[in-house]
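Novice: From first to last, the protein sequence lines are chains A and B. Everything in the first sequence is counted per our numbering, starting at 1 for the first residue and increasing by one. Everything in the second sequence is counted per our numbering, starting at 1 for the first residue and increasing by one.
Honestly, the hints are just simulated from the structure, not real lab data. Every residue gets a Cβ at the ideal spot worked out from N, C-alpha and C, and that includes glycine. Hints may be right or wrong, so weigh each one.
Claimed, not checked - On the chain B side, residues computed to face chain A include the following (Cβ under 7 Å): (1) Pro40; (2) Leu44; (3) Glu103; (4) Gly107.
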Amino acid sequence: GDSVTQMEGPVTLSEEACLTINCTYTATGYPSLFWYVQYPGEGLQLLLKATKADDKGSNKGFEATYRKETTSFHLEKGSVQVSDSAVYFCALTVQGGSEKLVFGKGMKLTVNP
Amino acid sequence: GAVVSQHPSWVICKSGTSVKIECRSLDFQATTMFWYRQFPKQSLMLMATSNEGSKATYEQGVEKDKFLINHASLTLSTLTVTSAHPEDSSFYICSAGRDASYEQYFGPGTRLTVT
Chain A
1 GDSVTQMEGP VTLSEEACLT INCTYTATGY PSLFWYVQYP GEGLQLLLKA TKADDKGSNK
61 GFEATYRKET TSFHLEKGSV QVSDSAVYFC ALTVQGGSEK LVFGKGMKLT VNP
Chain B
1 GAVVSQHPSW VICKSGTSVK IECRSLDFQA TTMFWYRQFP KQSLMLMATS NEGSKATYEQ
61 GVEKDKFLIN HASLTLSTLT VTSAHPEDSS FYICSAGRDA SYEQYFGPGT RLTVT
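Go ahead and model the full structure; you've got the sequences and the hints to work with.
Specialist: The structure is reproduced here in structure tokens:
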């Protein structure tokens, strides 16, 4: 079946450090890929997405590139801020649209000043 | 933006009782709503998908007679945990989707504790 594997953490970084959260996937079809973020006390929010190979999603300084050859969608940010402290989930859908999301386990990031 | 609310945000109930959790889309019509369950340090697991006016589609292994889902309108879906037991204690999250959109909008979740 379809699955997502991501770094689990937790991870603690200092402000302005570089961040990479690895995410790889297994899918029977041709998936769309997502990163969701969950800030403390809030619901999940879509951070960025990519719907086809070589697409790059970006938002709030975060980037992730859809790599079909390595079945990966790693999340990167060059300089994290305290406000980036949250739990990050990698996810996929196979059929697109408002369809079933398959999530990774999530990774808690804490950024210290 | 698209806002989804859940009520209650947390609930404690006794074993054997039933609990209803509401999920509302506040500023859009949701043709599809999803219910997830999240255990500590685990991923969100999809329980069921519901479309307005039709029966919910449950994922394999989810007891449809225990987790009753009703999607009576385009802005409201409810999840009722019937005859709750301590093993049903978990974090339940709903999301709502619009037509022709890749994005699901998530509620803040409901923490259920069964004693």
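Novice: Taking the least C-beta to C-beta distance, is B:Glu103 closer than 7 Å to chain A?
Specialist: Since chain A brings a Cβ to about 5 Å from B:Glu103, closer than 7 Å, the hint holds.
Novice: Should the hint that B:Gly107 touches chain A count as held when the rule is a Cβ pair under 7 Å?
Specialist: holds, 5 Å
Novice: Holds or violated: is there a CB of chain A closer than 7 Å to the CB of B:Pro40?
Specialist: Violated, because the Cβ-Cβ distance from B:Pro40 to chain A comes to roughly 11 Å (cut-off 7 Å).
Novice: Given B:Leu44 as an interface hint, is the shortest Cβ-Cβ distance to chain A below 7 Å?
Specialist: Holds - the Cβ of B:Leu44 comes within 7 Å of chain A, reaching about 5 Å at its closest.
Consistency with the previously given hints fails for number 1 only.
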